Amino acid sequence: MPRVALFPTCLVDVMRPSVGFAAARLIEQAGFAVTVPEGLTCCGQPAFNSGDRKTARALARRTMTALAGFDFVVLPSGSCAGMMVKHYPELFEAGSADHTAALALAARTHELTAFLVHIARVNNLASEFPARATYHDSCAGLRELGIKSEPRQLLKKVAGVTLMEMEDAEVCCGFGGTFCVKYPEISTRMTDKKVERIIASGADTVVAGDLGCLMTMAGRLKRLGSDIRVRHVAEVLAGDYATPPLAEDDGDAA
Amino acid sequence: MQPETARFKELSRAALANDQLQRSMVATGPQFVLKRAKARAALPEFDDLRNAARDIKNHVLAHLDVYLEKFEARVQAAGGHVHWAETAEEARAIILNICAAKKARLITKGKSMVSEEVGLNEALEGAGHTPVETDLGEYLIQIRNERPSHIIAPAVHLRREQIEADFRRVHTDLDPARDLSHIPALVEEARRVLRQNYLDADVGITGANFLVAGTGSAIIVTNEGNGDLTRLMPETHIVITSIEKIVPTLEDASTLLRVLARSATGQDISTYTTLMTGPRRAADPDGPEEFHIVLLDNGRSQVLGTEFQDMLRCIRCGACLNHCPVYQAVGGHAYGWVYPGPIGSVVTPALIGIENAANLPNASTFCGRCEDVCPVRIPLPRLLRHWREREFEQHLTPRTVRSGLGAWAFLAKRPKLYGLAMRLAARFLNWRGRAGRIASLPLARGWTRTRDLPAAQGKTFTELWRERQK
Ligand code: SF4
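Going down the list, the sequences are from chains A and B.
Take 1 as the starting number for the first sequence in the working numbering and just add one per residue.
Take 1 as the starting number for the second sequence in the working numbering and just add one per residue.
If you are wondering where the hints come from, they were derived from the structure by calculation, not from laboratory data.
Wrong hints could be hidden among the right ones.
Once the Cα atoms are required to be at most 30 Å apart in a straight line, the calculated DSSO-like pairs of lysine-lysine come out as [what the hints assert, rightly or not]:
#1 A:86 <-> B:103
#2 A:193 <-> B:9
#3 B:38 <-> A:148
#4 A:193 <-> A:182
#5 A:182 <-> A:54
Note that this is a predicted model, so its numbers are computed, not measured.
With the rest of the complex left out, here is chain B (with noise of 0.2 Å):
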């Protein structure tokens, strides 16, 4: 799918206007908040194991390609296939190439946002294949032919009422008459009608949190339980997952393991936590034939070494959603591409260019929440300024804004200038109040539109003191 994020101010708006986004977003939202304050609140020395998850992620991007080499070399000794992909493109066709070569009909698909970001799903329609997602969130957002609207929980942005009526549109064989009144209903129907597509799919392709350099592992964590299932019962699995997702040893992903469940859901680990190692060995009761990795770059590698690098500490928690405002107020789907909120609004011009994107790190108040609960200790706020600087260096900044800033730079840098506007704007702005407030101001419609504007007292504070002085 094509990025929309040139269209956010009016998607917002929308997803503002929007009813049953919003009863979704406050039915859950704070939820998330209230889940991860009690972890926290339980773990004495939960901050301090962020400074180490920071710590053991900011070693890796140091020596990023060592980890890799000795990551592919131990997977090739377990038996299984390395592929690197530049771009999107790249891998894409290299998994097409795969399923080509298993004459695969049915693939079923963990979770995974790196397969959003190469749009997978759409490659492999188009390619005759039948891909099915077979985490529930990700498989209502599958059948509504949508993006997923969280990193964790793709499918938050619907109501019980939306997904009942999906599933009566879709599953079509299933009794009319059958009772999808409440949530443990739609779950059961869910499964059942994955249940088949396990033991009939050619290919199952998964995503990884974690890639352990010192095993050549890459771990899963689900709630579902449906990882295992995809990646067990198919003779070819794949996992298609991003560069920076190395960490050196099992002990490393464990640390990550830790923070990574009780920042996402407040739960101290996750319900499944799977390590996936090569593919089935001779004594195995069962696993896959063949095992691939696909390792995606997709401009992460350019993001080295750059004031951007924090942001490849993401470990995909998505606290930061749950604890923005603006997320929470507009919601997924506002931000126009695969990750949305704080986040989002940093990855995104990296991966699309800030000429595509520059709405996302500007619609933030930097109020510091992302930050202050990020697991890895991510600054959030400071790149997306880092973005805004990036924007105003390659003059994106949108022209009026970029004139307001030049009269008020103009009129800073010089006191006396400075003291008479302002002493000329204290005097319109209390004059234009009625009732102490101005209701409309023709300049500042963006404020008066809403709220009225406090008037001004009359004189500025310099002056008064001055006054007050002689």
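For reference, chain A alone in the conformation it holds in the complex (with noise of 0.2 Å):
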């Protein structure tokens, strides 16, 4: 059986665990060995993005070590992959032993929707999730990894699924890493925005493949009072209704 390595994400790790069991289940259920392996801390991305390369290039090389020897690294993250994929081997020095460990990895790394569908191959899914979702299309995963369809076909999969597109679901949510605490204003007027379409939709769920981007527009939904669910997508790939939404408890889930 092909080993899986999944790597949970920082965020997953400490937020929202279910999000990584959710992911576990999906892979182990297309028929892989999932490993969670030792050593794993967070990518780096917030030290690339803050311009401290050194520090990036550390954890970039604790994560290779940790990832080595996998089939395939899968990531609940458009963004966590994206560092992996893309930006890893930008940050060695072509030719080096570094860089080439980097290519391998990446070539290795998929971010978890993608992986269904084009390693795994998933054509059907036993699942089942009473909702009427939108998709947000999460930026790195978008135009990093061209994740598009991916999310949107394993969704209609799921029995109770039905799927309505907002406008803009590639406009950025506002979250942006460290953005959304350095300038909240302006962070907090583009969620304002991703928030008008979202309702505007008529769903009544979220549905986004990165925690960040989901826990912005989870935080301004509720503080706005509406009762929109937010759900990562291997939520209702997994047919997890039984955790509550984001920033909801198991009251407001009844």
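Each of the two chains sits in its own frame; use the hints to bring them together as a complex.
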């Protein structure tokens, strides 16, 4: 059985482990053995995007070591997958051993929905999830990795899901890592525009593939008193409606 | 005008609270996006053309000296003069000299971002000349004493009512009872006011979109035809532009023109495309007696050969502004200087120093839409990130950011300690939750002031996974 390393990402690890379990279940159901390697922390993107290449490089090396020897590496995040696929190779000098390792890792690394569609070739999902869902395209997944049809294709296979497109699904939600706390007013305005589109879509659930975007959208929706639910795509695909949506508890979910 | 980029945060806050500006942005931004999308859809080879455009520019940048010398020789052969300006100050001095020699009073001007960059209007006024902008948008910001807020639509931040008020304030010799309640009336009034200026001007100054090395021509594109009247009517025509505008041949220029108009306004080609080669020849029915080209460097040659070189491919189409969610939220004036939007955030630090402009490359989510639409495929997010690297290397990154990053990096390099810290964080962010969310968190006010923080589920994925494996 091909071996998959699941990198939960630092946000899922701390904030929402249920996403990691949903991802693991999906990968296992597709016929792969899932391992969560020791020694993983963060992919290093915060350092990379803050201009600290040295730290980014150190964390990339650690991550590459922890993930060596697996057939595939899968992340429930387009942003962290994009970091490893697109940017790890940029961190090292062409021709160096690290560069070769980075390229090799990049070739084996996939965002979850892209993995399920292109590698696992999932045709059916046994799951059920009652939702009128609208999908937000996270920037890195969309523009660094070209992920657009994959999550939608999979969501359509889930019994009970009706997919409803929002306008400007490809426009940034305002998260942007440290951007959202460095420029909170601009970030909030961007989120407000996104929230407007989500509401206008008529959906009762907004789905995306990156926890950063989800926390941003959920945080604003809840502050504005909206009852639209916010879910990671892995939860919906795995039929995990028992776990309360982001920023809600069992009381709200009922 | 002095750069105000250091006040970006304050200016952007004011912009977000400015209803009039917000209404303008909402009315115009999506239109630009729609028009470009249509133009792209109508031309199957559009993305191939973008590759060709990128390659032309890359080739020029690799041989810039060769093409500039060739261009100079051709301009001279056609009877024109070429002036090299290393700095903004030199560019102003050259132009002031020409205008003084011509004893110029009235000077008409076509739209030029380089003119804005060197602060030409202030210099001309200071020397007793009267510059009049002839592009409608530029004219509007001139009478309002503002900077352009967009590189192709300088007055995009204005609403019709504001323009009407400005016209009534400035055009005092016209009938106060006239009807200015619709846009065509405003355009007509501007035309009428400007017309006499074309006839009276002693010198005409325009920019250039491209310079053709093979023929010594400067090319401008406009939709109003004002560029032609500005360059044809006065006795002296001065082109002010920058060194990276050069292309080898007319054919190259036409490739770039095809992607420029589509990216900028969604047109197949701009309404007027004007080629200007030297002064009037004996057989020409009209044209200037004297033709000058001022070629500005102003730090651009310093960018050659660095990780920032790609920025010099820019053809100033404005597409990256139109597609930027940050620009669309705050408008151009918040950027505090001449060039706003993603390309402005890349160019401005190169021209005025990263120490004066660090906010600009930081105010981006790296969403990547700019790179996605750029007709010459400038990797704008990567260049913005390079500026953050320079900022970090030079220890300009704010202390709070730096120490936060340092603490986090310390942990992230030590998986055991990191695991412990994350377990504590998961518990804390769960314990603070009420109904699944945290309404306020002292260390994360930037987040919780306007949004709830979803509570953590209580344990980390790593620990739960290990528990289940046992
Ligand atoms: S960077 Fe690209 S998209 Fe932006 S103005 Fe320049 S050419 Fe146009």
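Handout entry: Non-conforming hints, listed in increasing numerical order
Key = 1
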